[in-house]
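Novice: Sequence:
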Amino acid sequence: MAPYVYKPLTKPTRRDHAFRLLDILPCSAMDEPINVRLRHVRLEDKPQYECLSYSWGDMAQTHEVNIVSENDDDERVGSIKGRESLHGALARLHDNTKPRTIWADALCINQQDTDERSSQVSIMALVYWNSHKLAIWLGPDPDKQATAAFEALKPISQATCGKTLKLTNEDVDKFDPVV
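Residue numbers (full-length UniProt numbering): 1 to 179.
Hints are computed from structural coordinates only; laboratory data are not their basis. Keep in mind that a hint or two might mislead.
Stated by the list, open to error - In silico DSSO-like links for lysine-lysine, alpha-carbon gap of 27 Å or less:
hint	residue 1	residue 2
1	Lys98	Lys81
2	Lys98	Lys11
3	Lys7	Lys46
4	Lys133	Lys11
5	Lys133	Lys81
6	Lys144	Lys154
7	Lys46	Lys11
8	Lys133	Lys154
9	Lys154	Lys81
10	Lys133	Lys46
11	Lys98	Lys133
12	Lys7	Lys98
13	Lys81	Lys7
14	Lys144	Lys133
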């Protein structure tokens, strides 16, 4: 498939922060091709989205992410090569029945346009701050070590929900490593 050609964003101003979001389109299996819809939004319109934070991984291993038309007709209009880690995150985050809206820097920012990249990096903190959720992808977990770590953290999270927790270096030194 031909490389996707980004439509230019308006430059951010103090009162207008344009950026792109992507909708991961539904698919029934994790090994199906990833199809996403990129769309322009304004931070001031308070769109609902999640930010994706992920490890970039190996630059040599890439997968194509199919970009479909913004017109809701699912016509493929190009593709973008994404690193294997990003592809894995998108495959894991997709929903079987409805689109999932996220912001991921590698796809939502035209990485070939240095002016846009610079402009978008300048508002990245606002993009993260205004998201309603943060998804973190560290990669596959075949040995379930991350699962064990998160299970160990659940009681701490539940006990401190809504409270401010102040830990000293001495407190942290007392923790046993989980993984």
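Novice: Against this structure, judge whether each hint is valid.
Specialist: Do the hints match the structure? See the list:
Taking the CA atoms of lysine 98 and lysine 81, the gap is about 24 Å. The hint holds against a cut of 27 Å. For the suggested pair lysine 98 and lysine 11, the alpha carbons sit about 31 Å apart, so the restraint of at most 27 Å is broken. Under the criterion of a C-alpha separation no larger than 27 Å, the hint pairing lysine 7 with lysine 46 is consistent with the structure, at around 21 Å. The straight-line distance between the Cα atoms of lysine 133 and lysine 11 is roughly 25 Å, inside the 27 Å bound, and the hint therefore holds.
Distance check on the hinted pair: lysine 133 and lysine 81 sit about 25 Å apart at the alpha-carbon level, within 27 Å; holds. For a cut-off of 27 Å, the pair hint linking lysine 144 to lysine 154 stands: about 16 Å separates their Cα positions. Among the hinted pairs, lysine 46 with lysine 11 is consistent with the structure: their alpha-carbon atoms are about 18 Å apart, no more than 27 Å. Between lysine 133 and lysine 154 the CA atoms are separated by roughly 18 Å; this keeps the pair inside 27 Å, and the hint holds.
Taken as a hint, the lysine 154 and lysine 81 pair is broken in the structure, with Cα atoms around 36 Å apart against an allowance of 27 Å. The suggested pairing of lysine 133 with lysine 46 holds, with an alpha-carbon distance near 13 Å, which does not exceed 27 Å. A threshold of 27 Å between alpha carbons decides the hint, and for lysine 98 with lysine 133 the separation of about 17 Å falls inside it, so the pair holds. Using a Cα cut-off of 27 Å, the hinted pair lysine 7 and lysine 98 holds, with the two alpha carbons roughly 25 Å apart.
For the hint linking lysine 81 to lysine 7, the alpha-carbon distance of about 17 Å falls within 27 Å, and the restraint holds. Between lysine 144 and lysine 133 the alpha-carbon distance is near 23 Å, which keeps this suggested pair within the 27 Å criterion.
Consistency note: the structure conflicts with the earlier hints numbered 2, 9.
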